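If you follow the hints, you should be able to join the two separate chains into one complex; please do so.
Residue numbers (the numbering used here), protein chains in the order written: chain V, 1 to 159; chain W, 1001 to 1338.
Rather than coming from a laboratory, the hints here were simulated on the basis of the structure. Fair warning: this is a prediction, and the values are worked out from it, not measured in the lab. Keep in mind that the hints are not guaranteed to be accurate.
[Stated by the list, open to error] List time: in silico PhoX-like cross-link candidates among lysine-lysine, alpha-carbon distance up to 25 Å:
id: 1; chain 1: W; residue 1: K1168; chain 2: V; residue 2: K52
id: 2; chain 1: W; residue 1: K1101; chain 2: W; residue 2: K1173
id: 3; chain 1: W; residue 1: K1109; chain 2: W; residue 2: K1083
id: 4; chain 1: W; residue 1: K1173; chain 2: V; residue 2: K61
id: 5; chain 1: W; residue 1: K1101; chain 2: V; residue 2: K61
id: 6; chain 1: V; residue 1: K61; chain 2: W; residue 2: K1067
id: 7; chain 1: W; residue 1: K1168; chain 2: V; residue 2: K151
id: 8; chain 1: W; residue 1: K1291; chain 2: W; residue 2: K1247
id: 9; chain 1: V; residue 1: K93; chain 2: V; residue 2: K151
id: 10; chain 1: W; residue 1: K1101; chain 2: W; residue 2: K1083
id: 11; chain 1: V; residue 1: K52; chain 2: W; residue 2: K1173
id: 12; chain 1: W; residue 1: K1291; chain 2: V; residue 2: K141
id: 13; chain 1: W; residue 1: K1100; chain 2: W; residue 2: K1133
id: 14; chain 1: W; residue 1: K1244; chain 2: W; residue 2: K1337
id: 15; chain 1: V; residue 1: K52; chain 2: W; residue 2: K1169
id: 16; chain 1: V; residue 1: K151; chain 2: W; residue 2: K1291
id: 17; chain 1: W; residue 1: K1046; chain 2: W; residue 2: K1074
id: 18; chain 1: W; residue 1: K1133; chain 2: W; residue 2: K1108
id: 19; chain 1: W; residue 1: K1101; chain 2: W; residue 2: K1113
id: 20; chain 1: W; residue 1: K1247; chain 2: W; residue 2: K1046
id: 21; chain 1: V; residue 1: K61; chain 2: W; residue 2: K1100
id: 22; chain 1: W; residue 1: K1247; chain 2: W; residue 2: K1168
[Stated by the list, open to error] Calculated from the model, a selection of chain W residues having no Cβ within reach of chain V, i.e. all distances over 12 Å:
id: 23; residue: Y1061
id: 24; residue: P1236
id: 25; residue: N1331
Glycine included, every Cβ here is placed at the ideal spot set by N, Cα and C.
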Amino acid sequence: MKKVRKISFTTAASVIVVSGALIVAGMAQAKPPRSETQIAQERAALMTAVAKGDDLWHSAKLGNNGLACANCHPDGSASNVHTWPKFQTNLGKVGTLREMINWCIAVPMQGRILEYDSEEMIAMEAYATYTHRGVAIAPAKDEQHGAVPVKSGPGYPRH
Amino acid sequence: MKKFSRRQFLGMTTKAGAATMFAGIFAPSASSMLGLGGVAEAATKKIKPFNFAVLTDAHLYDIADHKFDHILEKAVADVNSIKPRPDFVLYAGDLGQSGKKAELVKGKKILDKLKMPYKIIPGEHDYYLDMGKAWRKLFGDEHWSFNHNGVHFIGMNSILVPDFWTLKKLTPKERMHMMEELECHNCGAWGVGEKQLNWLARDVKRVSPDTPVVIMTHSPLWDYYPRWNFQTYDAPEIREILRKFDKVISIHGHVHQVVYNEINNMRSCGLLSTSWPWPYPPVELEYPHIKQRRADPGDFEDGLGGHDITVNADFDAIVHWREFSDLLPDNIKKGLKV
Chain V
1 MKKVRKISFT
11 TAASVIVVSG
21 ALIVAGMAQA
31 KPPRSETQIA
41 QERAALMTAV
51 AKGDDLWHSA
61 KLGNNGLACA
71 NCHPDGSASN
81 VHTWPKFQTN
91 LGKVGTLREM
101 INWCIAVPMQ
111 GRILEYDSEE
121 MIAMEAYATY
131 THRGVAIAPA
141 KDEQHGAVPV
151 KSGPGYPRH
Chain W
1001 MKKFSRRQFL
1011 GMTTKAGAAT
1021 MFAGIFAPSA
1031 SSMLGLGGVA
1041 EAATKKIKPF
1051 NFAVLTDAHL
1061 YDIADHKFDH
1071 ILEKAVADVN
1081 SIKPRPDFVL
1091 YAGDLGQSGK
1101 KAELVKGKKI
1111 LDKLKMPYKI
1121 IPGEHDYYLD
1131 MGKAWRKLFG
1141 DEHWSFNHNG
1151 VHFIGMNSIL
1161 VPDFWTLKKL
1171 TPKERMHMME
1181 ELECHNCGAW
1191 GVGEKQLNWL
1201 ARDVKRVSPD
1211 TPVVIMTHSP
1221 LWDYYPRWNF
1231 QTYDAPEIRE
1241 ILRKFDKVIS
1251 IHGHVHQVVY
1261 NEINNMRSCG
1271 LLSTSWPWPY
1281 PPVELEYPHI
1291 KQRRADPGDF
1301 EDGLGGHDIT
1311 VNADFDAIVH
1321 WREFSDLLPD
1331 NIKKGLKV
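Same shape as in the complex, but just chain W (with noise of 0.2 Å):
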């Protein structure tokens, strides 16, 4: 039972802190490269400090033997041996291509193999076909919050768009075949829409703003290359529910690249995939360091792979992209502190 209840969630925070506290966090090599606070320190804090891991964009297709299939499993195994063992793993959606339940079956088949319990929200590829059906039947919510060691952990789904399918008379799959593609001119702009800024706002109503909040979506929440949906419409709504926070961390996949960005409290962090990478799209960035370089296509695997985010008790999180070629710049190989 990979999947998990709130209950169980916060059942098992408890085990982890302090077995992580001393093997990871405070090795001294990363603390010393990336200035982290001291043992002394994290125990006048309410954080324990652990890992989580994140994977997303497997983009499975429903062919056998696929080659997009051997890197998200090779992704879960890289996770699994992640030392000390991340907490959870989280997964910021498109697990399949072209929505179909056959893609998803493989992928949670695949995603089952890790040994840590993960949380997930849908992409647009998961989604198109049958508006979600499918996924939700196999993972549950498509929003939801837990807290882990003292860390307020948010999932959304934002890629929601306007209907743009009826009045065209589109049937499922040519819906779903228009919103595969990332230059998609007729879908619109997504977002996470009505329904779940009000239970976002609910759901942080009674979180202190001194706790640490880690948001996941699919897409970014900043106006990176609208073109692309490399935006959330509403992200302005949200960065303002979660205003109030000291500091908000913001995790998205969609981008299948390095990226980092920060807007008031928020930090965001673009995510690789186990995909193809997607070349940076025709704007200037504000943080150019924090890329990865061009991959060659001719390896598959170049630009790919997990990630393993640590939090110390001082909410200090290293993001370590953990790319399976060597795609990575020196300032961010042993991690970004964000």
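Excised from the complex, chain V in its bound form (with noise of 0.2 Å):
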């Protein structure tokens, strides 16, 4: 973190600048300029948390029933990620994919829920939501959604 907070303190210009060159590039950054480095640094971070999102999905010890999230929802496919917030019927009011991760370890899966802003919690959304990397925000959208196709291993860099 300490990282990241530093490059803020560049100067204006070079700020602009580089921030132009990176949206131009394809890669816009909230606090430019970042070194390769640090821009492989954060993104890291993310896929480690993708990586935690992924056990977390695929394992039983978040339900007592042995199920698994990912019993209905392999490569993370069917979590919809790009409608929400929405209208839930089973949450009976809009909701967000957060509360619907806590309802279905609730319900079908009959475990305890997280806490909202937990690092488990973010994990989740951060695998469920790369699986759906490149698929268009629909906000209640009522359809099923794939996720991203995979050929060959977990589907995303991971060490």
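This is the structure:
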């Protein structure tokens, strides 16, 4: 985290120039300029969260009846991450993906819900969202969506 | 005694014929709906019309009073209520979830409540804890064939993978745990293997090409979505061996959903589970109108059910997906002619 904060003290001019360049290059960042190494580190941090989420997604430990999220949502599919927030019948209100994850843990899996801002919940959201990268945001679209097709491997860079 | 030998099976084939033929297959509503052949045609052919039921993918856990136990019980009761009564029941694998003997014993206890004999094949969830040992002890051979009313039925174990565990020094439990994941990326592609291919070639050698064939495997005999093993790697060889037949109907579990495909003389039908419905994978379907609507996660029986398959004298089979809920589109609500 410290490294990222340091970056924000760079001069305004270079921020504009570099951020412009980054946008052109298709990789706009919140607080440029950042070195390749820093970008790689931040990327790695995300992928660590995705991998943790992947493990939780496939773990029966979140529930109490043997089920894992992946029983019904292989590769994160049918979590429809691009459609939230929306009115969800089982929630009985307009809810978020995190609320739905907790509903699934509590009801079909009979487990104990996660804190909404816990590392675990963020990791689960990171995994589900990463498996839908590139899918257009479509609030309340009433359609089950597959995850991004995966040919082999975990479907993302994992070490 | 629910399991039966080939001889027992052949013995029971005669009783089913007449009763099934008039009560079920040629009921006015069904025949006008689906354009079935009439009774006159039936008399000239060698198939005696009949119906059989199919169940699959119970995924029972070794947990008392689990919801999946009740769903399988419901499916068994539903099959027992089918009229006319199915001549027999086929079970397409994944009776258990983690390969534990207790799961399979529990499953057998429930399946034994079927009022008709049944034949079963293993799924990966039944298998990779002890490499099928408990399963074989309870259910017998992993592959088999029999003739019924003029139709040749084949069952095969399609979930065999090359050894990925010895080099990694995995425990049986670790191996099973990996296989339990649909997306297992270190487990390899499933198939029936050379031994079973040779057996199949021998089995059908003396079966005449005009004999209708029904083949049951756990995984589909076509490349649906290999990532989730919605495939069988040596399916092309299986299809080639069965190519001489006029028509082959392939039924498979594993996909937990209504899905259909045709390759040459083979028509493939995906079956409903009694555990959870799987989403459709991100691929284009050749027959997109033959699929179920999305399930409500709040209804634990949504998208689940059993099957009744009727066979008429011309081997026009009608597959009825007997969903507990109402997710079938209108075009297949009354069955699909395959």
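Results of checking the hints against the structure:
no.: 1; hint: W/K1168 / V/K52; in the structure: holds (22 Å)
no.: 2; hint: W/K1101 / W/K1173; in the structure: holds (13 Å)
no.: 3; hint: W/K1109 / W/K1083; in the structure: holds (23 Å)
no.: 4; hint: W/K1173 / V/K61; in the structure: holds (16 Å)
no.: 5; hint: W/K1101 / V/K61; in the structure: holds (22 Å)
no.: 6; hint: V/K61 / W/K1067; in the structure: holds (18 Å)
no.: 7; hint: W/K1168 / V/K151; in the structure: holds (23 Å)
no.: 8; hint: W/K1291 / W/K1247; in the structure: holds (22 Å)
no.: 9; hint: V/K93 / V/K151; in the structure: violated (37 Å)
no.: 10; hint: W/K1101 / W/K1083; in the structure: violated (33 Å)
no.: 11; hint: V/K52 / W/K1173; in the structure: holds (22 Å)
no.: 12; hint: W/K1291 / V/K141; in the structure: holds (19 Å)
no.: 13; hint: W/K1100 / W/K1133; in the structure: holds (10 Å)
no.: 14; hint: W/K1244 / W/K1337; in the structure: holds (22 Å)
no.: 15; hint: V/K52 / W/K1169; in the structure: holds (24 Å)
no.: 16; hint: V/K151 / W/K1291; in the structure: holds (23 Å)
no.: 17; hint: W/K1046 / W/K1074; in the structure: violated (35 Å)
no.: 18; hint: W/K1133 / W/K1108; in the structure: holds (15 Å)
no.: 19; hint: W/K1101 / W/K1113; in the structure: holds (19 Å)
no.: 20; hint: W/K1247 / W/K1046; in the structure: holds (15 Å)
no.: 21; hint: V/K61 / W/K1100; in the structure: holds (18 Å)
no.: 22; hint: W/K1247 / W/K1168; in the structure: violated (43 Å)
no.: 23; hint: Y1061; in the structure: violated (4 Å)
no.: 24; hint: P1236; in the structure: holds (19 Å)
no.: 25; hint: N1331; in the structure: holds (19 Å)
Consistency note: the structure conflicts with the earlier hints numbered 9, 10, 17, 22 and 23.
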